[in-house]
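Participant: Top to bottom, those sequences are chains Z and U. Each number in this note's numbering comes from the position in the first sequence (counting from 1) with 4 added on. Each number in this note's numbering comes from the position in the second sequence (counting from 1) with 465 added on.
Hints may contain errors.
As the list claims (entries may be wrong) - SDA-like, lysine to any residue: derived pairs with alpha carbons at most 25 Å apart:
{"#": "1", "chain 1": "U", "residue 1": "Lys1056", "chain 2": "Z", "residue 2": "Ile33"}
{"#": "2", "chain 1": "Z", "residue 1": "Lys11", "chain 2": "U", "residue 2": "His534"}
{"#": "3", "chain 1": "U", "residue 1": "Lys1165", "chain 2": "U", "residue 2": "Ile1207"}
Quick caveat, the hints were computed from the structure, so don't treat them as lab data. Keep in mind it's a predicted model, so treat the numbers as computed, not measured.
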Amino acid sequence: MITTLPKRLGVKFSLKQQPQLQPDDILPIFQRWIQEGRVEGMLIDVIDYKHVPEGPGVVLIADEADYAYDLGDGQTGLHYIRKRDLPDDFAAALALVFHCALQGARALEAEAPEDLRFNFSSVKVSFFDRMNYRNESAVYDAIGGAVAEVMTGIYGAEISISRVYDDPRRLLALRVEAQSDDLDLADISRRLNASRQTV
Amino acid sequence: MTTWKELLDDKIPAEMGKLIDTYEAQMELRKQGKLDEKVFAESRLRKGVYGQRYDNGQRHDGVRTRELHYSSDEVVKGPDTLWDAPGMQRIKIPYGGLTAEQLEVLSELADEYSDGILHITTRQDIQLHYVHIDDTPDLMRRLAAVSITTQEACGNSVRNITACALAGVCHDEVFDVSPYADAMTQFLLGHDDVQDFGRKFKVAFSGCAGHACGLVKMHDLGLLAQTRELDGEAVRGFTVFVGGGLGTVPHQAKVLAEFCTEEQLLPLTQAIARVFARLGEKKNRNRARLKFLVAKLGIDEFRGLVEEELKTVPPDPRHTDYIPKVSDFVNAPAKAGMALNGAPLPDGFAEWYATNVYKQVQGGYSTITLNTPLGDLTSEQGFKLADIAREYVGDNIRLSVEQNVVLRWVADADLPAIYRDLLAIGLGDANAGTIVDITTCPGTDTCKLGIASSRGLTAELRARLIERINLLPDAVRDLKIKVSGCFNSCGQHHVADIGFFGNSRRSGNHKMPHFQVVLGGQWHENAGSYGLAVGAVPAKRVPDVIEALTERYVAERAEDENFQTWIKELGRKEIKAMLQPFTKLPSFEEKPDMFSDWGDSRVYTIDDIGVGECAGEVVSLFSMEISRAESTHFEALLALDEGDYALADENAYKAMVQAARALVRTKHLDVGDDYNNIVDEFRTRFYDTELIYDRFAKGKFARYLFNRHKESPARINEDYAHQIIDETQLFIENVHTAEQRINGVIVS
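With these hints in hand, go ahead and build the complete structure from the sequences.
Facilitator: Right, here's the structure in full:
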């Protein structure tokens, strides 16, 4: 049971393989998303950090969250970081963050239909809160079960879960892998919507 | 639930904790509307909590201006600055000195409160962007727990005190200035005598006269290490420079004292601060820096005032308490020094060694510079860099004014290993200090004042130059490029071989991002001389301009002729002719990509201008007239080059009047040629109505015209001619911008 919400909560989907699309190409896409209101949130600006190795890449800054075409950990992906306005309940909060990350990743896939594909069966969940969630095994042990329960509900399948970084200075991050060969994203979306409506 | 305040209570110095608590209480009062927004803004700024672009709740998305509806739309943290809008946190790192533990904490904060990036500034600060103000008290507490303060990082205060990153390990220094920079930081922080300035006050220390490093000549107060023999003993002291500064109109500092002893250093600084606080301009921010006071009074009168003031400075044990401890100042290796031992070297090591390694004065040790692109590090790099520091150099980490990280006291035998480790974390790039190592301010990415994308341009230039670096002759490799996003000089474009600052021009009914080219500035000799603007080119043509300039420099330079000398020899006429092909403005239909800035796909805009009326011939008349003003300004530059300062002044003045006339004639065709009429009409129609007002500088540029029109200069010398020419350039830019705003059918 998680009773204290993290200050920020992130979900990252990585790409299955490096696409033809370059980080340079993402910048105009994100700029256009602001014009079109393509993803949720009050979208403010785009910032370009692709010159920094394994950094946040190209970031679409919103009031509530950031959508990053993230180059971290040597795995390019879509990293959604919720900065504020998380629901009070952890399960609902994680469902919301997963939903927004999924929406952002699918919107990016639509920009390059033949090329850019995410691996949705694997996700990194990050707790941006060293006060309440230090990256220590005791903390991981205490919250792993609650995260697993929520993620099992979202995926509708068995999952495996592990800690991403050993370095205690890094953020607490969990790798969640769905044990299913044929994930149905429509089903996942339905479950997420139902979960959000319940909240 | 535990809070950071509770958790760190025993680690935060009491005084620092109290200041943060007070600030947090002020935040609450402001939210309740019980504290005036301007008062809170200054208080916030003095904690380093800065506004950021779009915090007024508006942004042009390339098609239209959007309202940004932040959660608490009604609450502001300053005039036109919405509470929930993301902002920037500036963090002072005195003389750029960092410990491994401090670097780790900074990295944690970048993760949790910012966007995962630590940005190094040209004042050896760290900046975090996109920070919510509500997070700032805890952010400050976590810094305070490792002895870092954000107090007086911004606002009308003593900013981060800078010093050469090689201080203590340099071959040429007179002595290590670090302990003096540290002592002055501690002494001035929160001191009563530095709380009532009209503007900021910047201090720098340098260990030697010849190199750039401390840049003392471009500071409000610059201190250059010297020793003198007094009563048969060698004593330490400083040559004291005052009244330097870049900004819109750069001033070279003047020598206040050829030599002040270390005992005199802090009381003399205190006296300077008291004179500045008492006599410095308070109402007009644009004339409030110390440089204006020194220029107004003259250095001799200013010196006299400081000497009188010094007699009234009360005795304070802190003036000299630190001196016996100077020799204990931490400047020691973590490991024994050892020469390279002949072991096989990794690929790329030789190139990296040639540009990034400085052999220290202490045998067996080197200082290495990490070529940090655009001054940005990720939090992950921060953690791993702290590990590398602990393994090889301990706490000997510095930040440089060229926006790089510097590791000192690397045992030479460790160089191959540390190179491998740095490569593994993406910080092993060669070419530190070369043409690819470009300095840049944040520009339109995050700065409220940005006009063009300095970071976008820098990233583009860096990528292109890295591709060609091995093909470039040494004379080109060693050039300095510095970029600012506007006429303020945060990117220090005045002291580069090739500098740029952002501005804009119109072509038809669209605006196009431009950069003014500034050539011939001098980085060495502590920013020994400033470059002058030679013409504006479209942002997208800047790479071509650099190629043309450098190719010609290589082809035509005399043996060992440096860039400044070559530029001077070439002359402005020829430079202008060389730039001419790049200044041609295509229409939007011909080249739409030229109307977007680097790293930004939006059609360019700098403000949210609606569709107006009456373009056509009025605009074309304006274009013709303003081009005359620009030509006359150019004549002034030529006169300056020829040493005819009176003619330079006459032409600069004429150019300002012509620019004013160009604008007046868009409303009143029959204004005639009489200077008095033109200036009167200009004042009535554009200044009194505030139509000419720049969004941030307000009527500052127009007042350059009024001041010159009101009275001829009492004495005309080279400094004065430089100044009036720079002012004229800024006034012409101001007229361009105002015309676009007032008369244009601007659609972007």
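Participant: Confirm or reject each hint.
Facilitator: Checked hints:
As the CA atoms of Lys1056(U) and Ile33(Z) are separated by approximately 21 Å, the hinted pair is consistent with the 25 Å bound. This hinted pair checks out: Lys11(Z) and His534(U) have alpha carbons roughly 22 Å apart, not beyond 25 Å. Only pairs whose Cα atoms come within 25 Å are accepted, and Lys1165(U) paired with Ile1207(U) is accepted, the gap being roughly 18 Å.
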